[in-house]
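*Asks:* Residue strings, one per chain:
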Amino acid sequence: MTAVLFLLALMVLILLGMPIGFAMALLPTVYIAVTDVAPLTSVPYQMYTALDKFPLVAVPLFLLAGELMNLGEVTDRMLALSREMVGRLRGGLSHIAVMLSMLFASLNGSAVASTATVGNVMIPAMKKAGYSGSYAASVTAASSTIGGIIPPSIAMILFASVTNTSVGKLFSAGILPGILVGLLFMTVGYFVSLQRNYERYDAPFRWIVLGRAFTRAILALSLPAILYFGIVGGVFTPTEAGAVVCLLAFLIGKFVYRSLSYAALWQALRRTVRMTATIFLIIAAAGPFSWLLTTLGALQGLEAWLVGMEGNLLLFLLAFLTIILVAGMLSDIVANLIILGPALLSAAVVAGFTESQAAMVICIGFLLGTITPPVGICYFTASRIASERLERVAVDLVPFIAAEVVLLILILAIPPITGLIPLLAGY
Amino acid sequence: MAMALRRLDQAIAWLSDLAATLLLVLLVVVVLYNVLLRYLFADPPFWTDRVGTSANMAMVLIGLSLAVRHRDLIAMQALYQRLSERTALILDAVWNASILAFSLIFVWYGTSAAVNMPGMYWDFQSFCIDIDLGPPQSGFLISTVKLFEDAIALLIRPFCVDGAVPQRYMAMLMPIAGGLLVVSSLGVIIADIRKIAATKR
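Residue numbers (my numbering), protein chains in the order written: chain A, 1 to 427; chain B, 1 to 201.
Heads up, none of these hints are tricks.
Ranges between beta-carbon positions, derived for each pair:
id : chain 1 : residue 1 : chain 2 : residue 2 : range
1  : A       : GLY426    : B       : ARG38     : 17 to 23 angstroms
2  : A       : ALA9      : B       : ARG38     : 46 to 52 angstroms
3  : A       : PHE255    : B       : GLY119    : 43 to 49 angstroms
4  : A       : LEU247    : B       : LEU79     : 39 to 45 angstroms
5  : A       : TYR262    : B       : ARG157    : 28 to 34 angstroms
6  : B       : LYS146    : A       : ALA9      : 53 to 59 angstroms
Some chain B residues close to chain A (C-beta under 8 angstroms, calculated; not the full set):
id : residue
7  : LEU27
8  : LEU73
9  : ALA75
Here are a few chain B residues that sit away from chain A, every Cβ distance over 12 angstroms (derived from the structure):
id : residue
10 : LEU5
11 : ARG6
12 : ARG7
13 : ILE129
14 : PHE140
15 : ILE142
16 : SER143
17 : VAL161
18 : ASP162
19 : GLY163
20 : ILE196
Rather than coming from a laboratory, the hints here were simulated on the basis of the structure.
Glycine included, every Cβ here is placed at the ideal spot set by N, Cα and C.
Turn these sequences into a full structure, and let the hints guide you.
*Replies:* In structure tokens, the structure reads:
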């Protein structure tokens, strides 16, 4: 009961707009101050030990790599390639937004960064071409979740670090679901565009133009390949891969594309520091908050409740997916992954699912929370870029959310979607 | 007095920004250095993981105050869109006051936690003990490697006790970060109050 009250208090504080990390740190502090069950020094101590983990070093490195890629002409080159590949279908710009997010996802691990970058390029262009602002915002926000599925994914790095799973295995498991969700979004976009008579790119298709666009983007496209095969082939650890990609992104931006100045590099470093701090505040605060929930028996209770349903698979799946989707809607993805992730993974493995299946469903399910009201950060970001009312964007998001839920069901029903590539990669 | 305080606040912000950014650069360099030494000399240093983790922790703890100062913290804005400007500003001031309260707790109990933190970082042993490395090495690459390790040793050696670095030294970053948070949250609260005063009811 006390655990439920604390969870409710956290939800209320978050919905009222209190910074999530501080809300999570303040509640255990208040609990300890009132009940005296532990010394108050345990709050800073647990925040400190939550940060003292080497695998987490990968997070700022991937954030910096994404920042450096943004500063080059990479987005423009990706946009030209996407237009040549999918722009001639009905709703061309909508498909380009999805394709651009998929390509961008392979360079950046963050859904919010993807929304901001792709949204600033695509939403104004879509509105100019006659798309409604709400549709432009919804397709951009939905596609940005691919950033957390296709490697490198910051969500997966965090999940691997709290569940002691292999980052390389999770990265491998995310490739097919990432491509599948992209195709599902394009299908949704095609039918919506057909119904609303949205445009398509008119220029005649020429292989030479496609080839030229591909050549212009090849260096940027080679980075995710170096990163993925470097990790899977044992050449680098995920953390080292992050640093190597930072170096390559800098060299390409500075000496090949010649679009990266030292002043812009310094600004990118400063932005990365602040982004890292905001994410790590939640990671640090998850330390004492998880301790609080464990002390109150909530996490063990959740796991035991789920494991108790393993005899009835349908009931288990219903409860499993409901918890993930509701928690995703009500709290931040980083907090959810750290606090609920380990208990959910262990319950799903006991129920007979593979580690890759369960991990992907948990990561993608929590990512869905970034595009759903009331706390969806990508949903707010895209709506703000489009200057569109939140209610309208929410309505246009419904088919995309449904497509992502279909993906979750497919992952649970067909193990090779998440198991094939890890198997081929030797995991 | 107000001007002097403002200048002090700006100086703290500038120094924090510089320190956190340089720590990020150090983090990238140290991780790349490990890869370089592993493939060029088949001899990866064992201290790079610890230096990388410590640089990351220091960067995060210092960066927190910058995130508060720049109002970059992750928070839900849905309610704010339905509030008047004045009410939204008051709510902001309440959250910033709660951050200030937590920061004060963090300084007080963080100091106590740091002072009593057990354990040593043995990964730094090679910097804490004088090892005879033989005659000076020639060649650009090797002398650069030596120079880099000497620079790291220069940073770490003052903190060595009995051949290792006590964890409590690193943990002292907690009260320091708490102090920076106090300064930055005070700054944003004052800015909030000014804005509230300037906004009509």
